[in-house]
Amino acid sequence: MVKNPLEVALRNLRLKTPLMTASGTAGHLDELTALKDYRTVIIDALGAFVTKGVTLKPKRGNPELRVVETRTGLLNSIGLQNSGVEIFLKQELPRTLQYELPIIVNISADTAQEFEELAAYLIDNDAGRIISGIEINVSCPNLSEGGAIFGTNPYAVENVVKAVKRRVGDEVLVITKLTPNVTDITQPARAAIAGGTDVLSMINTLRGIAIDVDAGKPFLGNVYGGLSGPAIKPVGVYMVYECFGKITECKNKTVPIIGIGGISTWRDALEYIMAGATAVGIGTAWFVDPGIFGEVKKGLDKYLAKNEKTIDELVGKAHYC
Amino acid sequence: MSQKESSAQRERSFYAKTRSNVAKLVPDKLSPSVRTLNEDDIEKAISDEDANRKAYHSLCYSLLRIILLHDKWRIAYVDPSQFEDNVFGMALRDISSVKPDEVPENIAFIAQNDNNRNGNKMILFCFDDQGSDLLRKVSYEVKKLDDGKFDNICVMVVPSPEIMQDKRRVSKADEWRRGFFLCFPEIRKKSEHLNEKEYLQLCVCTSNPIADFEERSGILTETVEVLDNIAVGQESRSHYKLRFRTSHSFNITPGQFIMTATSSHRHEEAVSRPTSLDNLKSSFIIKPTSYLKRPFGIHRAFYPHFDLPYLKRLSLPPELATVLHTVFPNQFEIFYKVLENGVGTNELTKLKRGDKVQIIGPLGKRLHMRELREQGFEEIHVIGGGVGMAPLIFMVQALRYYSYPVKAFIGTEKIGMLKYKCSRDGLDNCDGLDNLDNTFSEEPRDATIYVDDLIDAGVDPADIYVSSTVLENHDWTIPKDNLYEGVVTGQYNVYLQSRQRERRQKKQRQKKILAFACGPTGMMKALTLITAEFGIKQKVLMEKRMACGIGVCLSCVCETKNGEGGESKYSRVCTDGPIFDAAEIVW
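Protein sequence lines, in the order shown, are assigned to chains A and B.
Note that our numbering has the first sequence beginning at -18, numbered continuously upward.
Note that our numbering has the second sequence beginning at 122, numbered continuously upward.
Take these hints with a grain of salt, some might be off.
[To be verified] Straight-line C-alpha distance at most 16 Å; calculated EDC-like pairs for lysine to aspartate or glutamate:
id : chain 1 : residue 1 : chain 2 : residue 2
1  : A       : 38        : B       : 685
2  : A       : 17        : B       : 343
3  : B       : 486       : A       : 45
4  : B       : 665       : A       : 293
5  : A       : 40        : B       : 688
6  : A       : 232       : A       : 293
7  : A       : 40        : B       : 680
8  : B       : 690       : A       : 45
In case anyone wonders, no lab produced these hints; they're calculated from the structure.
Okay, chain B solo, but in the shape it has when bound:
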């Protein structure tokens, strides 16, 4: 027998074996015809009969198991019959000995990790609506046990991205407090990626390439409600933080931006013909008013039922985290600098609680966080100058969801510019606001913007660095050594140098680091030299004057190196960016 033939034979027997494995997993009606497990089959599997549904659950479980074992989490399940007695400990069954095709139905699973720094020792998950009641009960029991420290998360596995999109709607948030979602195609892809061998044994007959789950969301025009709009900074009223909420799901990712009207006047009113002298005076003739919307990055986003203390403690198994999804955020902050003669930003400061303004978004290219891990980045640095730090905070929030180690470098002109009084009266006194469900307020306190935001997002204070040209005396929640007199590029350079020294002493390998920078052009340009020296890949968030925000007016261009024939060309910040590779920009 030639070698070629024998390998073909081996392959045939391997396929036959794996197909019979799958037949075990997808029994009854489906099994004889199973060649490929495509969306339709899965759809059928859950809609047809109990046995098929069970088979689908077994498959989900097996795939999840690959992911969780990779993250070194143990899995257990809750025995519903035992749980009836409300003896939680008794109801836990270790599943390590249970074979995939013996997975009981209508149960909630629990994954445990005892070595976790921050908590979240348990993940409870269930498949589709099967077991969801039990999941809720278990979640409640765990909450009682852990003194409200929220050491658990709930994950619901659904068959398709469409169902998941639906579950993630803000209007459904109440059904799933602190709930995360997974969809089947994603765990399938992830488990294949993590342990191809085991994956193949489970479902080698998947001959079709698995389509990427693409989060789709069109650009919306939405009227949002202002929650508060407060000045930040001790001396001048030069910076403001505006918080608003949307009524619908607003699926925005870090790096993306919104364009907002700067006043609650409707566009029609702003341009309508003045009819009296009084109107004339208050109209644009005397005082300039803005016409176009203004682009802003998101400073912070808040998710229904994910309160700040919970987020701070949140720590997810890294591989699982890259396929988890939350309910969409519905509350946002933008942080903006008021330009002395700026028409739009001055108008913005006049907005108050209850005002309604029109925004357009989400705009700009989506950044796929999960890809960062696939590209092998082990650590993310964010470096912000002035208001440039704001969109990076939102990025850190998201990075934390994906369990990325983060270090943040904040550059500010004066430390005092970061200080503000965070007050609660805004939300306790709800004049002008109808329904405060799913809105968040912070404890009243003397706050430091960026620094406190990062800590709230769960970043270790030791990983936060602040530089300023004048270092005044302040109480700091971060170590004294993390303060630097000078510019942020200087501090980052010093940090990288000392890190390199330490690494060489200990003869460690260099980690693969990705840096995101946003701030004045000069700062971002200077950073490119530093990151190049230390072999760090750098991305930048560009900012330009815009008119449309959706790529048609060609106003917001920046020069990039990827033109035809190696020449430079003008790229649109709004749709080709705002995140660019720093190496791509003609500085």
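For reference, chain A alone in the conformation it holds in the complex:
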């Protein structure tokens, strides 16, 4: 049988395509089934599904306004609104089973201890073994360290990853999603690897503020938000390139990278792959065009067929020219 040229592997997790959802942009999957063509344009095109952020306790979310469009970007501050891990496990997770996709659960917490608790709760109560991976969102404030973002402090990153990895074990992937709001991305990346992460994903949103000049105040209820969309793509590609180029574990693919940030076309996806990403996450562009996963998959298929390559062979290609 001919090997599927789109197939990639994140450690021992095989994905039928390198495309994934970006956390928080596709709900818990069952919302998407309202789309008429969801099977062809989403389920068939995806390699894995990443849920929106789950927290230990239900979260109400931030006050309005929660989103504002900027030039080719989207500034959001949703505030991790979700119904908490208990309802997630009971109601939301089991519904994803029917789509036969690897499910990756994105988790957020205020302290390293809470991260550990949350990860343990998920693993211990996932009776159906639905969860294929846990993605740690280190872009949230660390309340035990005065509210500094975990992800900006390599020491804190290592601690969190270690705590989660200890509870998750080896059968479920531990993915660390890095924040781009740092001077040197390789530092938190190395810290996550030292903590035992299996996979790195980057980038989360960039911090930003937009001001309504007519009202003379910030647009967002939460004042600042996270910037996503095409505007941030070069930043994401740069950070993937840096990690792949400078970190041995990334270069030899023992710690593969999921590239995220502003992907809207198959060419954007290839940029990330050539910079060193094994898989890519698409988020904001999905809001603009629900057919995006299908389109990107089609584009990649065509490109691979024309050049007689596989995705695997193209990972990090830009470093070898």
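Once you have looked at the hints, place chain B on chain A.
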């Protein structure tokens, strides 16, 4: 004999009797095994043999009869043998004396109501494709007789919702000009609801609860074609009306919305890397361009072969109307305000005839119009402020299909903002458009948005109210008394007060009224106090900034009171709404 036993015996004999009734209706092969008339049986009944098909038709007829008699319509049928001679009057046979099991086959039925204000004195209906040829012929004859006043509607009864969905496709509209559709499960449910006793005599052996017919339609991504995009308002070019058409069936109901790209550029082009300085200039670097799609409610929808004069006269038997379906609309208008510094709305104004833009929809919860009648609402009020009136017009269009009495209250800053020149040149000159079948144009005229839309939808001018902070002199098609200087909430309050006074004088009972409001938050909030005072149930159409429109991004939230433990929570306008109970919102 104990009382318990005797009642059980009575029940047994009742069932035996009704089962034999049904056996008469569903003879031959089916009758011995008939215990329940489920979908499969019906399917079999129409596919198997003539006799069974006839039995199915008889059953359909009997159920329809319950509904039409409730609406006080007489039923007749067309005798095909007489009709051959083209003497229409001779071909009509009164069916009141005909028993259900003697219903002739391959005929078109006619229901008549002589006391109707607006016309539509006749309903012609036929079962499935049986009799449809005759139906068409009869429809043509009636049309000749009534001087093209369209005083008839055609209804085709089909066995299942699936077949009905298929018939309703826009591509099939030509086969059924001005055709309405009914499906069997729905008339079965409706007739049971209206006259349980008679229904039971017909088919008591239906032990299964009848499943609700749920209109299913997934969210589509579709490229639509712009028909025109014209400025509305006398002074500034601050409001626009965009009309587009879809190539496929687009099953959207009032309260639902679409998200539309604001330019015909494909999303890929908009974000692709500029390759030259020229590209750079025209690209987003210099001038902001929109990225996300924008949400809009539907202002008006047009249905193939239901032209405006026909719609205006349309008046359906109320109970039957709640189970009738049309061909899906394929042409839509959105009415939007151009924000001074709004990137998306400014881009939208640049769209012109023939441009193609991508839309997503239908989005939002469906409003089930038929349920409003089941909930006992006798009258519907719509109250709109500014562009908030637009989605309410579409709602009124639908309400009219369901024969609901409607009163509309329009609030506008200035009367002049409603005026525009409705021109025809758009569609006569079809540059850039290939096929204009099934598209509508209006007569060229000086038009008033909302007011004319409502009149076109068949609302009596006396039921249309307009308020404005500045009342200028204008020619009005509505009574002078329906104009009000001030805000729409003020006018509505005054209206309700005078209505209450009148009612008390005449010692009448208060009607059960439902009000829909859409407009600025302050206005909707103020209305909740007024409707509460007068005991009117109020629903609101909420509007928020959105990103995805399908419930995943959690951007478009509004605070509602239905959180856990009696606390408030953030609900999504896009999927939990946009229609909410006004009492549910934390204002």
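We went through each hint and held it up to the structure:
no.: 1; hint: A:38 / B:685; in the structure: holds, 13 Å
no.: 2; hint: A:17 / B:343; in the structure: holds, 11 Å
no.: 3; hint: B:486 / A:45; in the structure: violated, 22 Å
no.: 4; hint: B:665 / A:293; in the structure: violated, 43 Å
no.: 5; hint: A:40 / B:688; in the structure: holds, 13 Å
no.: 6; hint: A:232 / A:293; in the structure: holds, 13 Å
no.: 7; hint: A:40 / B:680; in the structure: holds, 14 Å
no.: 8; hint: B:690 / A:45; in the structure: holds, 12 Å
Consistency with the previously given hints fails for numbers 3 and 4, ordered from lowest to highest.
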